[in-house]
Amino acid sequence: MSVKLNTRQVGDVIVIDVTGRITLGEGSSALRDALRELVKKDQKKILLNLGDVSYIDSSGIGELVSGFTTVTNAGGQLKLLNLSKRVKDLLQITKLYTVFDVHDDEAAAVRSFA
Amino acid sequence: MAENSRSVRETVERSLDSTLESVDSAEDLASGLAGRAGFNDEDLLKIGMAVRESMVNAVVHGNRYNAHKKVRFAVSGGDGRLTVKIADEGEGFDIDRLPDPLAPDNLLRSSGRGIFLIRSFMDEFQIRRLEGGGIELTLVKYQAAK
Chain A
1 MSVKLNTRQV GDVIVIDVTG RITLGEGSSA LRDALRELVK KDQKKILLNL
51 GDVSYIDSSG IGELVSGFTT VTNAGGQLKL LNLSKRVKDL LQITKLYTVF
101 DVHDDEAAAV RSFA
Chain B
1001 MAENSRSVRE TVERSLDSTL ESVDSAEDLA SGLAGRAGFN DEDLLKIGMA
1051 VRESMVNAVV HGNRYNAHKK VRFAVSGGDG RLTVKIADEG EGFDIDRLPD
1101 PLAPDNLLRS SGRGIFLIRS FMDEFQIRRL EGGGIELTLV KYQAAK
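So the sequence lines, in the order shown, correspond to chains A and B.
First residue of the first sequence? That's 1 in my numbering, and the numbers climb one at a time after it.
First residue of the second sequence? That's 1001 in my numbering, and the numbers climb one at a time after it.
Just chain A, same shape as in the assembly (with noise of 0.2 angstroms):
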C-alpha cells in the first residue's frame, strides 16, 4: 500500500487523516494534489493527522514543506497532529519541527486555529 488518505470537516477545519507510506512516487503527489485542491477551493484551515503515517522519506518531507508552503502563501494555516516518534525525529533532524504547528490532540488543535 502506498498512502490513503481520508478528508473530513471538524467546524471549519479540513482534516486529512493520512495512512500509510508518504514516499516519492504515489505517496507524495496523493498529498501534493489533496492539498492543492484545497487551497484551490480556498480551504484556509488544513490540519494533516499523521497518526498512521508508517514510513515518510524526503519527498514525503518536501511534500509537507510545500504544502505548509503553498497553504500560508495562501492566506491559511496548516497543521501536523499525532506525529510518531519516527516522523518526529525526521522533522527534529532536518530542523522542521519548529517550523510547523505540532499538536498530539485533535480536539485542541482544532482549537488552536485563528
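No lab work stands behind these hints, which were simulated from the structure alone.
For every residue, glycine included, the Cβ atom is placed at its ideal position computed from N, Cα and C.
A few of these clues could be false.
Stated by the list, open to error - Capping the alpha-carbon separation at 30 angstroms, the derived lysine-lysine pairs in DSS-like fashion look like this: (1) B:K1085 <-> A:K95; (2) A:K85 <-> A:K44; (3) B:K1085 <-> A:K85; (4) B:K1085 <-> A:K88; (5) B:K1046 <-> A:K88; (6) B:K1046 <-> A:K95.
Stated by the list, open to error - Quick partial rundown of chain A residues pointing at chain B, CB under 10 angstroms, derived from the structure: (7) L24; (8) Y55; (9) V99.
Once you have looked at the hints, place chain B on chain A.
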C-alpha cells in the same frame, strides 16, 4: 546452535532498472540482510532510509529514469558492519555545491535533503566519480556492541 550472525558474511549484488520499484527492492534487500546480520530495529530503519535516499538519487537524479541505464547495487554484512554500494550511469554531481538544507534560506525548499539524511543515518558515507561515467555511493553502518 546457530552461528553468531555477526560472523557470517553475506553479500547480495543486483543490477537494477532505473525505476521506483528498484528503490523499494534495494531497500528491502538491504534491510533484510542487515536484519539477518543482527542489526537492531532502530538501525534497520536508518539503513533502509539511507538506502532508499541513495537509490532515489541514482534512479531519479543520476539515471533520470532512463530505461537503458542501470543501477549497480551491492550490500554486504555480517562482520560487524554493513556496506552498501550504489552506482549509477549518470553525469555525476559536485557534492560540495549542494545547498545546505539546514541553512535558514533553504529550510522551506521542497527538495535537497536526501544526501543530508544519508549522512545522518550512516556512520560512513563516500561518493566517488566513476571512470566510465556515473557516481558510486558507499554507505557503511557499524553494528552496535551488545
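We went through each hint and held it up to the structure:
1. B:K1085 <-> A:K95: Status holds; Cα separation ~28 angstroms.
2. A:K85 <-> A:K44: holds, 28 angstroms
3. B:K1085 <-> A:K85: holds, 29 angstroms
4. B:K1085 <-> A:K88: Roughly 29 angstroms between the alpha carbons, so the hint for K1085 (chain B) and K88 (chain A) holds.
5. B:K1046 <-> A:K88: Satisfied, since the Cα-Cα distance of roughly 14 angstroms is no more than 30 angstroms.
6. B:K1046 <-> A:K95: OK: K1046 (chain B) and K95 (chain A) at ~18 angstroms, within 30 angstroms.
7. L24: This hint holds: L24 (chain A) lies near chain B, its Cβ roughly 6 angstroms from the closest one there, short of 10 angstroms.
8. Y55: holds, 8 angstroms
9. V99: With a minimum Cβ separation of about 7 angstroms from chain B (threshold 10 angstroms), the hint on V99 (chain A) holds.
In this structure, none of the earlier numbered hints is contradicted; all agree with it.
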